[in-house]
Amino acid sequence: MSETTTPRLDVHKTYKLFVGGKFPRSESGRVYEVTDRKTGDWLANVPQGTRKDTRDAVAAARKAVGGWSGATAYNRGQILYRAAEMLQGRREQFAAEVALSEGVSTKKAAALVEAAVDRWVWYAGWTDKVAQIAGSANPVAGPYFNLSTPEPTGVVGVVAPTRGNGFSLLGLVSAIAPVIATGNTAVVALAPDAPLPGLSLGEVLATSDLPGGVVNLVSGRTEDIAPTLASHQDVNALDLTGVNSPEGPGSARALETLAADTLKRVRRPDVTDDWTAAQGTDRLLAFLETKTVWHPMGI
Amino acid sequence: MASPQKTKKKTGAVAAPAPAPAPAPVPGRKLFEYAPAPESRAAAGEIASSNGHFIGGEFVGSSGKEALKTVDPSTEEVLAEFAQGTEEDVERAVKAARDAFGPWSALPGAERGKYLFRIARIIQERSRELAVLESIDNGKPIRETRDVDLPLVAAHFFYYAGWADKLEFASYGPDPKPVGVAAQVIPWNFPLLMLAWKIAPALATGNTVVLKPAETTPLTALRFAEICRQAGLPKGVVNIVTGDGRTGAALTAHPGVDKVAFTGSTEVGRAIARTLAGTRTRLSLELGGKAANIVFDDAPVDQAVEGIVDGIFFNQGHVCCAGSRLLVQESVHDEVMESLKRRMATLRVGDPLDKNTDVGAINSAAQLARIRELADAGEAEGAERWSPACELPSSGYWFAPTVFTNVSATHRVAREEIFGPVLSVLTFRTPEEAVAKANNTPYGLSAGIWTEKGSRILWMASKLRAGVVWSNTFNKFDPTSPFGGYKESGYGREGGRHGLEAYLDV
Amino acid sequence: MPTFPQPPAAAEVAAAADGARESLAEVASSEATLRRFLHGLPGIDAVGLQSRAASLGTRSIKTTAKAYAIDLAISMIDLTTLEGADTPGKVRSLCAKAMRPDPSDPSTPRTAAVCVYPDMVPVARAAVAGSGVQVASVATAFPSGRAGLPVKLADTAEAVAAGADEIDMVIDRGAFLSGRYLEVFETIRAVKEACRRADGTSAHLKVIFETGELQTYDNIRRASWLAMVAGADFIKTSTGKVAVNATPANTLVLMEAVRDFRAATGVQVGVKPAGGIRTTKDAMKYLVTVNEVLGDDWLSPDWFRFGASSLLNDLLMQRQKLTTGRYSGPDYVTVD
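Those sequence lines, one after another, are chains A, B and C. Counting from 1, position 31 in the first sequence corresponds to residue 31 in our numbering; the numbering is continuous, with no gaps. Counting from 1, position 26 in the second sequence corresponds to residue 1026 in our numbering; the numbering is continuous, with no gaps. Counting from 1, position 65 in the third sequence corresponds to residue 2065 in our numbering; the numbering is continuous, with no gaps.
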């Protein structure tokens, strides 16, 4: 008798939220099913993040603001570059997740992952340059030294991209990287139908020396998470990139109305259809405050 | 030997008769009383008794019948009637701006710039007239309109005039485009200066505008319309629609506008943001403030006291970036307060047209009522109120410069924007505490720091959540210097290269 | 004899005040303590100071206020001639002008003093006798101050002996700038002692800093306190002999110093800007500053002086304009 070989059973990953540098389950204990974009086959159960999870994430993000915004731009650049390195090392896993999430071939997905790596690198290089393009020395008509410098807004709520070529990872990175490159912290509502690359990105970030709470990733229903971010008084800005419902609680109108209560800075929904396109500086500049400091010059 | 007590007699030794008006014994009368030095009211030019809008290059009547009155707040005399802009008026103005937008935005930048240069020059030529008119309509001292408002208005137009043909170098892309029709709603505290802050960058970048001045101060905006005509500005590039908040609401909600710029209260700013939710209309807001002016124990005390006074009593405290919360290090609290009170006692409150007036009239009865209400609340909550002895005119809207000590962070006078000559004094012990208290407000427009220690200034400046930080100075403005707030003080910047962004499609 | 500068009745008050000043003089017990004290004074932000001074200069002084201020300014002038070419004749002419500035209008006040070199004191003393005009003499190797202490004291004593009511001494700016504060302090004390007359009274001591050479406002504030603690009756900006003399800003520093010194010690010290004040408009700015920074207590020749020569004629022309309603010209005031 020949030996029978039993095929080895894969070990499945339990997808979890990424909040405050940790990987909690949803406080609700609830999950929802994520399926293959093409076949509709079950892929994973992911946490259904709640309003409470979102608030916890905001608290974590707020806690991280001081340290992250106070870190040197060089240090932030090192960490963002480290994220690129970590992503590079796991590109196959991400290619698989992107392929399933976006319904594209593994080859195409691999290219999108590589583009995501490159995008981290691009933004990593921006950390110590953005102040030089966004700031100014102002020649006021008087004996004053006057300088305008950009500062991070604080906590940014991000509704992750939900469409466009490469949205699930490349788009996500394109939304998160500029927010944190400039010293903000982020709470991200992941694309509800394609959260796997995003949840895995948490694992990359957790091993990139990124301080806990700088990026917080919440999967679940946008209509739960986004309004919580929009109405939260401790969120300073909103990136509505992925918003696409025309009406209802997850619509731009509803979210901007909530955001108006505390006059949050809002980046309106994006119509990008291809995330591989070269990025300008508008996302980097969207969540900056300009601070102008005057001082007399005299002896 | 010098005696510590003053003898009031004039040099007993003077043989010649003593100078004329020196009867010192009158109690409360100072030796050196400044005689009235009134600027001529006539310099304001003729004020039409009734005014319409400025639409499509013409002064036109309103489609409605309602007229509002603007008064001289120092006397309560009615200066003029002006139209309450209707939705139909707004419609006409937006259409005029839309019609003008194509040709205006197509003009070479250099040509647009030349119109702005012309406007700047005419403002300089007519600055005395505009200063007097502004003082009459607003109540602010002629010293401020003459020395601050008008020079800044002209400078602002000069500054943005020069940008018009250099936009590709502004780092907003190689060929930045205008947004379109801008709806601009401005407040009453710096009527003409706020107009300049709105109109100059909008026009330089190729937009056309519909501007609504505040309902208590429409006169200089209407006079500015005349200047546009003198400058030969193409019809419809600048449109002025007068009226109260209803007109403003109609204008900011108009679907034909591409951009709304508002300066005013946080409450109205919020309402506009809600109105524009879900649209593609762009919005910039410059709203309220409750700035901390932080004085350390090693501050240059005399200049700090001047800065405190400028910070809260400049323009009667009707300044969104006013240093309305004085945070003084506990160890020098008494010394600073003593100096401050001594200085406050020399403030001259009264006729805005007197060249020696430091503090003019409160802009309106409604604002006066609000200031009174909050000041009374300060007293009721247990803060200690002090004002120098000063005679206020019997008619008009007046409020004496006031300081509250023993204020705690929970008091309304420490939290709410009073928008009047009322200072709240709190103390701190360490720089960390100063930052924490300064930032403990939903606002974030401005802040002041007074210390001789350079590294502390830079540390403080980096920690303060405010758009403008004045260190060892306060309330300084310049067209090249971006101005605007963090948090609920609004978003967007006015002034400088940054000020272009709000009017470019970037 | 006029009672200024020392009303006899005030002797006890003065003694008490001297006591207060004396207690502060402990700061000068060593070079180290004096330095610590002077460097512990609040700093001055130059731009803020200048802008405050400039803003006071925008006051508009009209009609009755102007008339009052012109007469006050005239009465505050130390009418000065400090030329190598001074002669008894020139000094006598100056004295005549000081006593009767406008021969056409006897209601014109006389000036506070004439200010001359020590060797001209006897001439001036005789010329102004009985008029109430004081005789001020510069001393201590004016204007440079570059002489040994014995020379400075002899210079002072000679002027006092010759009848000077007031001594305008200069400090050694070199010593001050090199940080030898105690030396400056001791010199002022010694000169103050040299101002003493045989009858126990003293000539009034004005201490000149030459603010233009001290360069920074912080230095000017330190010099002010140093001089006041050392016993100055007046502090004075300049000699009139260097490029930068009195300015509204450096005089404002002196005013803040005397204001704060009185608050600290109870002792009132006078202020004298000198050099470069030529027009009525200039003088008005200074008087406005006195009025708003120091108030009534300093609005008299006892406590504020102008060191000036050409200022008087401009004041007289403006005074004539106010009286007659017509603009005057240089031919209608006297050339001295």
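By construction, these hints were calculated from the structure, which means they are not laboratory data. Treat each hint with caution, since some may be false.
Facing chain C, according to a computed beta carbon distance under 10 Å, are these residues of chain B, among others [what the hints assert, rightly or not]:
| # | residue |
| --- | --- |
| 1 | Phe1032 |
| 2 | Arg1342 |
| 3 | Trp1450 |
Taking lysine to aspartate or glutamate and the EDC-like style, the derived pairs with C-alpha atoms no more than 16 Å apart in a straight line are [unchecked claim]:
| # | chain 1 | residue 1 | chain 2 | residue 2 |
| --- | --- | --- | --- | --- |
| 4 | B | Lys1235 | B | Asp1099 |
| 5 | A | Lys16 | A | Glu27 |
| 6 | B | Lys1341 | C | Asp2260 |
| 7 | B | Lys1177 | B | Glu1381 |
| 8 | B | Lys1095 | B | Glu1058 |
| 9 | C | Lys2066 | B | Glu1033 |
| 10 | B | Lys1030 | C | Glu2083 |
| 11 | B | Lys1065 | B | Asp1099 |
| 12 | A | Lys22 | A | Glu223 |
| 13 | A | Lys13 | A | Glu203 |
| 14 | B | Lys1030 | C | Asp2297 |
| 15 | B | Lys1453 | B | Asp1334 |
| 16 | C | Lys2062 | B | Asp1099 |
| 17 | B | Lys1355 | B | Asp1147 |
| 18 | C | Lys2241 | C | Glu2083 |
| 19 | B | Lys1341 | C | Glu2083 |
| 20 | A | Lys63 | A | Asp234 |
| 21 | A | Lys52 | A | Glu223 |
| 22 | B | Lys1069 | B | Glu1081 |
| 23 | A | Lys108 | A | Glu92 |
| 24 | B | Lys1030 | C | Asp2260 |
In this text, all values refer to a predicted model and were calculated from it rather than measured experimentally. Beta carbons: idealized from backbone N, C-alpha and C, even for Gly.
Provide an ascending list of the numbers of those earlier hints which the structure does not satisfy.
7, 10, 11, 12, 15, 16, 19 and 24
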